[in-house]
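Asks: The hints should help you fit chain D onto chain X, whose structure is shown.
Line by line, the protein sequences are chains X and D. Per the working numbering, the first sequence starts with residue 2, numbered consecutively. Per the working numbering, the second sequence starts with residue 2, numbered consecutively.
A few of these clues could be false.
Identical copies look the same in the list; a pair holds intra-copy or inter-copy alike.
With a straight-line cut-off of 27 Å between C-alpha atoms, the simulated DSS-like cross-links for lysine-lysine are [as the list claims (entries may be wrong)]:
#, residue 1, residue 2
1, K183, K210
2, K144, K210
3, K237, K210
4, K245, K233
5, K193, K23
6, K147, K183
7, K114, K245
8, K30, K81
9, K183, K148
10, K147, K193
11, K83, K114
12, K226, K148
13, K95, K232
14, K245, K226
15, K193, K114
16, K147, K23
17, K114, K210
18, K232, K81
19, K233, K210
20, K95, K210
21, K245, K232
22, K193, K245
23, K193, K210
24, K233, K23
25, K210, K232
26, K144, K23
27, K226, K210
In case anyone wonders, no lab produced these hints; they're calculated from the structure.
What follows is the residue order along each chain.
There are 2 protein chains.
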Amino acid sequence: MVQVVFIGFGNVNSHLIHAFLKARNIHIKQIFSRNASNFSSAINTIPVTSLITEIMDADIYIIGIPDDSISEFSNQMLIKNKLVVHTSGSLAMKSLSNNNRKGVFYPLQTFSKDREVAFSEIPILIEAENASDFKLLEDLGRKITKKVVPATSEERLKIHCAAVFVNNFVNHLYQIGSDILKEENLSFDLLKPLITETAEKILTMEPMKAQTGPALRNDSGTIEKHLHLLKKSRHKQLYELFTKEIGADYGKKL
Amino acid sequence: MVQVVFIGFGNVNSHLIHAFLKARNIHIKQIFSRNASNFSSAINTIPVTSLITEIMDADIYIIGIPDDSISEFSNQMLIKNKLVVHTSGSLAMKSLSNNNRKGVFYPLQTFSKDREVAFSEIPILIEAENASDFKLLEDLGRKITKKVVPATSEERLKIHCAAVFVNNFVNHLYQIGSDILKEENLSFDLLKPLITETAEKILTMEPMKAQTGPALRNDSGTIEKHLHLLKKSRHKQLYELFTKEIGADYGKKL
Chain X
2 MVQVVFIGFG NVNSHLIHAF LKARNIHIKQ IFSRNASNFS SAINTIPVTS LITEIMDADI
62 YIIGIPDDSI SEFSNQMLIK NKLVVHTSGS LAMKSLSNNN RKGVFYPLQT FSKDREVAFS
122 EIPILIEAEN ASDFKLLEDL GRKITKKVVP ATSEERLKIH CAAVFVNNFV NHLYQIGSDI
182 LKEENLSFDL LKPLITETAE KILTMEPMKA QTGPALRNDS GTIEKHLHLL KKSRHKQLYE
242 LFTKEIGADY GKKL
Chain D
2 MVQVVFIGFG NVNSHLIHAF LKARNIHIKQ IFSRNASNFS SAINTIPVTS LITEIMDADI
62 YIIGIPDDSI SEFSNQMLIK NKLVVHTSGS LAMKSLSNNN RKGVFYPLQT FSKDREVAFS
122 EIPILIEAEN ASDFKLLEDL GRKITKKVVP ATSEERLKIH CAAVFVNNFV NHLYQIGSDI
182 LKEENLSFDL LKPLITETAE KILTMEPMKA QTGPALRNDS GTIEKHLHLL KKSRHKQLYE
242 LFTKEIGADY GKKL
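Next up, chain X with everything else stripped away, as it sits in the complex:
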């Protein structure tokens, strides 16, 4: 039975806790949180503390708090020589305090409150200072997903950056699509089958091969019409930049 203490109750830790509650041979011993009011009933059975002096003994401590607080918090913890991991995509493992053995346990997914996520396909990127801690994290990850992936801090940062492009920036394009339709009182629902198909397509096709549209065809008539109707200069700017880039990529392919 692996004993785990969670430090923080943000989106990542909250989803990890729910996944671990369904897994075998994991004992969530305690949650350290300064904000316990929004716990779900499933979690209410787990002891909670908001005092750093009351953090219990465990095999693994999983820190899920804002990146810029992790280093300082890990130095304030009173425990020594334990395995302490963080769950950040962009923070180097070495940022953790030297008081304990360091590791990373980063689930590569976007987590929102009130939205359940199936962990079994989610890659969890792990890193540790020594082989036995690596094995511990690997075993822990395998309890909730088929995809435990070793990654150095440098690799993880790159993957996190790529994730920002395909998640945050993609979501912002959905936002723009929604804005353009709203100007005409049209429903965003119209775009949903297209959004679904666009994402499904690249599960089996390379993005370069999946590309279609006016920029790829160098269809200047359509491009001009679109630029003319876009009301916001920031939408125009993104449209022009993407059109140039898609054209350049396709030019290289020929």
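Replies: Leaving out everything else, chain D in the frame of chain X:
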């Protein structure tokens, strides 16, 4: 039994033909194509011509050729007073020849060769000059989808422009994500669960509420690290633009 002649055999018409072959009470009388070599066996039973003089009599003619050829081609057709529609997202209905009754039958989806698409959820935007032709297109659309949507040429152009953002530009972001991982010899597969979840999320959440990430949190440490590792200036430029825009949007929401 509605009799249909297809003009052109690009991605859109090819997918429409396959969908109509499975529907009831539609007779695909003929395909006009100058390139009949790539027909699938299902389509081999339909008469084909490459001569404009041999185009047969039918109820509806569906033109699926490049936008900038549609007007000229519709003027070269020898038929008169028939319902001739195009399948373009951005071309005005009035671009069609005055020799015939005009209409538009635009399926809002991305079509690739060798990838089957389920039509039943795809919006088909229709437009016609008169009520009886509109009814004819509405009935035709309903044979393959639940979502037949009236749209003027202006509305359709706007929707098409929004579609370019959520399809072509999104796909280009997938491409960039893939490029960044390739530089580290990492597999694009790592990002696929995230891409799937990002698209699924907005089926039930507004894009603004679904947003997460360093730009939203104004996490300048992570943003700096990402900008530092991006090797291509065009990736940096997009990263900066999106980060600014997401920050601005969220600022407005507060």
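Asks: Hint by hint, note whether the structure agrees.
Replies: So, going through the hints one by one against the coordinates:
For the identical chains of this complex, K183 and K210 are inter-copy neighbours only, at 16 Å across copies versus 31 Å inside a copy, given an alpha-carbon limit of 27 Å. Proximity of K144 to K210 under the C-alpha cut-off of 27 Å is found in neither arrangement, the shortest distances being 36 Å within a copy and 30 Å between copies. Taking identical chains as interchangeable, the C-alpha atoms of K237 and K210 lie at most 27 Å apart whether they share a chain (25 Å) or sit on different chains (24 Å). When the C-alpha separation of K245 and K233 is checked against a cutoff of 27 Å, the pair qualifies both within a copy, at 19 Å, and between copies, at 15 Å.
Proximity of K193 to K23 under the C-alpha cut-off of 27 Å is restricted to the inter-copy arrangement: shortest distance 24 Å between copies versus 32 Å within a copy. Only between protomers do K147 and K183 lie at most 27 Å apart by alpha-carbon distance; the minimum there is 22 Å, versus 41 Å within a single protomer. Proximity of K114 and K245 under a CA criterion of 27 Å is satisfied inter-copy only: 25 Å between copies versus 37 Å inside one chain copy. In this homomeric assembly, K30 and K81 come within 27 Å of each other (Cα to Cα) only inside a single copy, at 18 Å, whereas the closest approach across copies is 80 Å.
For the identical chains of this complex, K183 and K148 are inter-copy neighbours only, at 19 Å across copies versus 40 Å inside a copy, given an alpha-carbon limit of 27 Å. In the homo-oligomer, the alpha carbons of K147 and K193 lie at most 27 Å apart only across protomers (14 Å), although the nearest pairing inside one protomer, at 29 Å, exceeds that limit. In this assembly of identical chains, K83 and K114 lie within 27 Å of each other by CA distance neither inside one copy nor across copies; the values are 30 Å within and 55 Å between. Taking CA atoms no more than 27 Å apart as the test, K226 paired with K148 passes between copies only; the shortest distance there is 26 Å, against 45 Å inside one copy.
Taking identical chains as interchangeable, the C-alpha atoms of K95 and K232 lie at most 27 Å apart only when they sit on different chains, with a minimum of 24 Å there against 47 Å within one chain. Both within a single protomer and between protomers do K245 and K226 lie at most 27 Å apart by alpha-carbon distance, with minima of 16 Å and 26 Å respectively. Taking the shortest Cα distances, K193 and K114 sit within 27 Å of each other both inside one copy (22 Å) and across copies (21 Å). In this assembly of identical chains, the alpha carbons of K147 and K23 lie at most 27 Å apart only when taken from the same copy (15 Å versus 39 Å across copies).
In this assembly of identical chains, K114 and K210 lie within 27 Å of each other by CA distance solely across copies; the values are 10 Å between and 35 Å within a copy. For a Cα distance limit of 27 Å, the shortest separation of K232 from K81 qualifies neither inside one copy, at 58 Å, nor across copies, at 40 Å. Proximity of K233 and K210 under a CA criterion of 27 Å is satisfied inter-copy only: 21 Å between copies versus 30 Å inside one chain copy. Proximity of K95 to K210 under the C-alpha cut-off of 27 Å is found in neither arrangement, the shortest distances being 40 Å within a copy and 33 Å between copies.
Proximity of K245 and K232 under a CA criterion of 27 Å is satisfied in both settings, with 20 Å inside one chain copy and 18 Å between copies. In this homomeric assembly, K193 and K245 come within 27 Å of each other (Cα to Cα) both inside a single copy, at 26 Å, and across copies, at 26 Å. With identical chains, the CA atoms of K193 and K210 are at most 27 Å apart both within one copy (21 Å) and between copies (16 Å). When the C-alpha separation of K233 and K23 is checked against a cutoff of 27 Å, the pair qualifies neither within a copy, at 47 Å, nor between copies, at 43 Å.
In this homomeric assembly, K210 and K232 come within 27 Å of each other (Cα to Cα) only across copies, at 23 Å, whereas the closest approach inside a single copy is 31 Å. In the homo-oligomer, the alpha carbons of K144 and K23 lie at most 27 Å apart inside one protomer (9 Å), although the nearest pairing across protomers, at 45 Å, exceeds that limit. Taking the closest pair of Cα atoms, K226 and K210 come within 27 Å of each other only inside a single copy of the chain (25 Å); across copies the shortest separation is 30 Å, beyond that limit.
Violated hints, in rising order: 2, 11, 18, 20, 24; the structure is consistent with all others.
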